[in-house]
Amino acid sequence: SAVISQKPSRDICQRGTSLTIQCQVDSQVTMMFWYRQQPGQSLTLIATANQGSEATYESGFVIDKFPISRPNLTFSTLTVSNMSPEDSSIYLCSVEGGQAGSLNTEAFFGQGTRLTVV
Amino acid sequence: GEDVEQSLFLSVREGDSSVINCTYTDSSSTYLYWYKQEPGAGLQLLTYIFSNMDMKQDQRLTVLLNKKDKHLSLRIADTQTGDSAIYFCAESSTTSGTYKYIFGTGTRLKVLA
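Chains U and W are the protein sequences, given in the same order. Each residue of the first sequence is one higher than the one before, counting from 1 in our numbering. Each residue of the second sequence is one higher than the one before, counting from 1 in our numbering.
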């Protein structure tokens with residue numbers, strides 16, 4: 001299993017500012033994922049971050065708005081830039097894990113960052 | 001593209017069984033998952049089923065998979081107030097060589113005492 005620490009757990013930000021969310025994993029992982037969960041909705045994948053390469057963004061998400069860093073195998077950050085009230089959401093960091101020798105994988109999640117933009 | 005759908009709400013009385021349903025579109029999914037999200041928390045894996053299985057039982061949880069109809073269900077026996085949460089169905093999918101999870105919309109389960 002993997003233990004993920006995400007911070008801040010919540011924040012209230014002024015529109016036009018930026019917030020950087022940190023994700024720390026207790027083991028080395030190749031891929032880290034950033035999701036957004038808007039109120040009452042499911043999780044939407046923002047991007048996949050591999051160490052040593054640029055993040056891969058899903059349709060509808062761009063690097064200028066959601067820059068991601070992945071400096072090593074245990075850490076990543078997601079920045080929400082030039083925020084507007086529409087960015088109010090829960091942002092979740094996730095990694096993949098699984099039992100050695102098993103084909104199965106499981107996604108582990110941080111507790112999320114609840115962002116409110118006013 | 002891939003899509004996973006669930007009903008949004010379910011309300012049951014304590015001690016009854018809950019059945020949460022999910023439909024998905026990607027027939028190549030190898031594993032299907034059920035995650036639980038309690039208020040203010042991240043998602044926690046409850047159980048999963050391999051796509052060549054029809055059923056999996058794990059204590060109070062029973063997962064049924066109808067691969068022909070692409071229908072997945074989660075049955076919680078003897079539902080307790082602590083089971084109140086949002087339940088997400090998810091499939092793992094490989095698109096253009098990229099491995100990712102597709103989550104359903106989530107079903108909010110409310111257990112009445």
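Heads up, some of the hints might be wrong.
[To be verified] Label pairs and their computed distance ranges (CB to CB): (1) W:F9 with U:T79: 29 to 37 Å; (2) U:D26 with W:Q80: 25 to 33 Å; (3) W:S17 with U:G40: 21 to 29 Å.
[As the list claims (entries may be wrong)] Below are the DSS-like pairs computed for lysine-lysine, each with C-alpha atoms no more than 30 Å apart in a straight line: (4) U:K7 with W:K110; (5) W:K68 with U:K7; (6) U:K7 with U:K65; (7) W:K36 with U:K7; (8) W:K56 with W:K68.
Calculated directly from the structure, the hints in this document are not laboratory data. All values reported here derive from a predicted model rather than from experimental measurement. Heads up, the beta-carbon is just placed ideally off N, CA and C, and yes, glycines get one too.
Quick rundown of the hints versus the structure:
1. W:F9 with U:T79: 29 to 37 Å: Holds, at about 34 Å.
2. U:D26 with W:Q80: 25 to 33 Å: At 30 Å between Cβs, range holds.
3. W:S17 with U:G40: 21 to 29 Å: Cβ of W:S17 to Cβ of U:G40: about 26 Å, so the range 21 to 29 Å holds.
4. U:K7 with W:K110: holds (29 Å)
5. W:K68 with U:K7: violated (42 Å)
6. U:K7 with U:K65: Satisfied, since the Cα-Cα distance of roughly 19 Å is no more than 30 Å.
7. W:K36 with U:K7: holds (21 Å)
8. W:K56 with W:K68: Holds, at roughly 17 Å.
Checked against the numbered hints given earlier, this structure breaks only hint 5.
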